[in-house]
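Quick note, the sequences are listed as chains A and B, same order.
Just so we're aligned: the first sequence equals residues 1 to 387 in the UniProt record's numbering.
Just so we're aligned: the second sequence equals residues 1 to 387 in the UniProt record's numbering.
None of these hints come from the bench; they were simulated from the model.
Keep in mind that a hint or two might mislead.
DEER-style ranges, computed between Cβ atoms [stated by the list, open to error]:
hint: 1; chain 1: A; residue 1: S366; chain 2: B; residue 2: E140; range: 25 to 33 angstroms
hint: 2; chain 1: A; residue 1: S181; chain 2: B; residue 2: A328; range: 50 to 58 angstroms
hint: 3; chain 1: A; residue 1: P355; chain 2: B; residue 2: K249; range: 18 to 26 angstroms
hint: 4; chain 1: B; residue 1: L174; chain 2: A; residue 2: N143; range: 33 to 41 angstroms
hint: 5; chain 1: B; residue 1: K249; chain 2: A; residue 2: R303; range: 21 to 29 angstroms
hint: 6; chain 1: B; residue 1: D235; chain 2: A; residue 2: N359; range: 48 to 56 angstroms
hint: 7; chain 1: B; residue 1: A328; chain 2: A; residue 2: M256; range: 24 to 32 angstroms
hint: 8; chain 1: B; residue 1: D61; chain 2: A; residue 2: N57; range: 35 to 43 angstroms
hint: 9; chain 1: B; residue 1: K179; chain 2: A; residue 2: E358; range: 38 to 46 angstroms
hint: 10; chain 1: B; residue 1: P247; chain 2: A; residue 2: K149; range: 53 to 61 angstroms
hint: 11; chain 1: A; residue 1: M256; chain 2: B; residue 2: R303; range: 46 to 54 angstroms
Glycine included, each C-beta is placed from N, C-alpha and C at the ideal position.
There are 2 protein chains.
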Amino acid sequence: MDTSAQVVKALSQVIFSKRYTPLHEPVFPGNELAYTKECIDTTFVSSVGKFVDQFENMLADYTGAKRAIAVTNGTAALHMALILAGVKSGDEVIIPGLTFVATANAVAYAGAIPHIADSEETTLGLDAVKLDMHLSKITELRNGECFNKDTGRRIAALVPMHVFGIPLDVDALLAVCEKFSIPMVEDAAEAIGSFYKGKHCGRFGKVASLSFNGNKTITTGGGGAILTDDDDLADLCKHITTTAKTPHKWEYFHDMVGYNYRMPNINAALGCAQMEKLDAILASKRTLAEKYTAAFKRIEGIRFLTEPDGCKSNYWFCTIILKKGMEAERDSILEATNGAAYMTRPLWTAMHRLPMFENCPRTDMSVAESLEKRVINIPSGAGIIGV
Amino acid sequence: MDTSAQVVKALSQVIFSKRYTPLHEPVFPGNELAYTKECIDTTFVSSVGKFVDQFENMLADYTGAKRAIAVTNGTAALHMALILAGVKSGDEVIIPGLTFVATANAVAYAGAIPHIADSEETTLGLDAVKLDMHLSKITELRNGECFNKDTGRRIAALVPMHVFGIPLDVDALLAVCEKFSIPMVEDAAEAIGSFYKGKHCGRFGKVASLSFNGNKTITTGGGGAILTDDDDLADLCKHITTTAKTPHKWEYFHDMVGYNYRMPNINAALGCAQMEKLDAILASKRTLAEKYTAAFKRIEGIRFLTEPDGCKSNYWFCTIILKKGMEAERDSILEATNGAAYMTRPLWTAMHRLPMFENCPRTDMSVAESLEKRVINIPSGAGIIGV
């Protein structure tokens, strides 16, 4: 049997549904409708309402962050996180080449330039060793800040992204951040429910972003959040994301350029119901990952991506990686699986290969380019096992 | 009886509720819950789903625009409208001083500088005569484009805003746009259901923005839309607001810096239900405005703001204007009405008086500054009369 037929067979051993299986369909097993109805009944569907506060509190409690601020989506959350970390127009921000385009776009919104770095094979996250070598060559400290000697620009932040919810090597990257005096801003868009050495992803940077898009582990329709342990930053974040209006009984005064990034109450209502079921959803996804691990073990040249030792992944997107040399099989596997009604997809096109970012400074990108040709996401929704 | 007591009395003659009356509470008299439930039942709560397309079609049908593109909120809509109109970093954009801060912020997001213009007393909209005189003095044409001689910057767009849904003098402003070769981008955030000479507000500029925030005539929780008659601009708008991803069966390729501005399906579901009831909501608000007109007619020195001849206002926010000389009474009226459980509020602080825009170029702002001290919004929700 060729590899694509073996992959289809492995999927069929885990997924019993006869209908089309999407990559990640959300599940609404709890109070989603009840809370939404409450919004409509009370007319509080918009920016004011108890579910926004409640969702923020639930996120803070769950992740252990001191504060969480809910916003319209993960892109807005990362944009805000960069601003809060002090990223200014004309700065450079280190991001992985292997990420969803929102990471790079958010840097552009802040007026900054992505500085694109390579990833490593184990977690698909930023390669700390390669980055350290790169920064040693091209940077220098000026008044305690890191500057790119080639471009003359300040390197204002480093944005690791936990790919598909697999925690990357946080300690190694924190060491790089410390060595080069670069603040860490964590893009934890894919990582709600993922833990690195017992601490929730997004708790390691100065600020972090989460996403609750429709395809995420839990969803608010569209939504995101900023996490931070710094009360001043959290207050500033709430202020900037709600048009920077100063409190007054009736005057409309705004003291800086603000954004309309607040999450509507009706979306937060979904979020509260989803948070109540997060543990059950994560348990179901973990079971799915275990079944996949067993099913793919038998296929020569295919590795099912698992959490690193000491870490817990949310297994947001289940992922298989082809051995080097099997690049030519990627598209036939994608054809065969999608043809068999199992939605699968490859990695994102790496950021340095997109036209708007192709001239950005970068490291050697050989690992990212190799992974692009060998990584496939397979159906991952909690509904496959059930909640 | 002093004026504030008279105002409270007038409100009590129109509003029979004994509980607190908000400025603009939304009403959900139709399929809001049914459509929301459908989203949850089918799991289509996010960026894919039939309600987004349906809402866009309903908006296009209702306004008569060829295309409508739904986005996360009115601020995002205006930001996109400016980009679509060709506004670039370093340009100037003419906006009214009397507007919600989002108008000025959207200009800033595009990297442009607000050029702030005065308003006129009849509609509270941009004063075309004053603007014409101002532009005659400070601008010159270069290769068919308008430039500010003082700053050297291009004036890339003029953004009239229909204040509280009252259509402003569109013809006069279109003449100014033509005379000075400046494209019009309409901020119709407050104007769904408002018509200027039989044509929906937002149909006169190259592109326009609408808002469906919780306090608007109809709401999607948070939401907005771009209107245009240009298919190419509409396609580009859809592309930019959905992360600029190029269509492919599985590849993730993006060809420009895009935004995550799409409206989630669950918010569009609310919008579809609200659009079905728009006529009823507008009729109810019109009745309310008629009752207010009668009730305030008896009060010396107070004008209830009505639609200009040949125009139809949605009466989004009902508004009273104090005669010049009565400025000192504004705050006592605000105190008395809010104290009597009728929510009222003054105009926004004019843009040129906010710290982040105080150094922007501008016209004389004497009318805006005078209106700021004399305008009061009074309870305006359709629920006061009922739908």
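Tested hints:
1. A C-beta distance of roughly 54 angstroms is found between A/S366 and B/E140, which places it outside the suggested range of 25 to 33 angstroms.
2. Take A/S181 and B/A328: their Cβ atoms lie about 56 angstroms apart, and the range 50 to 58 angstroms holds.
3. A beta carbon spacing of about 21 angstroms between A/P355 and B/K249 agrees with the range 18 to 26 angstroms that was offered as a hint.
4. Checked against the given bound of 33 to 41 angstroms, the beta carbons of B/L174 and A/N143, roughly 53 angstroms apart, lie outside it.
5. For B/K249 paired with A/R303, a C-beta distance near 25 angstroms keeps the hint of 21 to 29 angstroms intact.
6. Roughly 27 angstroms separates the CB atoms of B/D235 and A/N359, a value that falls outside the hinted 48 to 56 angstroms.
7. A C-beta distance of roughly 31 angstroms is found between B/A328 and A/M256, which places it inside the suggested range of 24 to 32 angstroms.
8. A hinted range of 35 to 43 angstroms for the beta carbons of B/D61 and A/N57 is consistent with their spacing of about 42 angstroms.
9. About 43 angstroms separates the C-beta atoms of B/K179 and A/E358, a value consistent with the hinted range of 38 to 46 angstroms.
10. With their beta carbons about 41 angstroms apart, B/P247 and A/K149 fall outside the hinted range of 53 to 61 angstroms.
11. In this structure the supplied range 46 to 54 angstroms is violated for A/M256 paired with B/R303, their Cβ-Cβ distance being about 35 angstroms.
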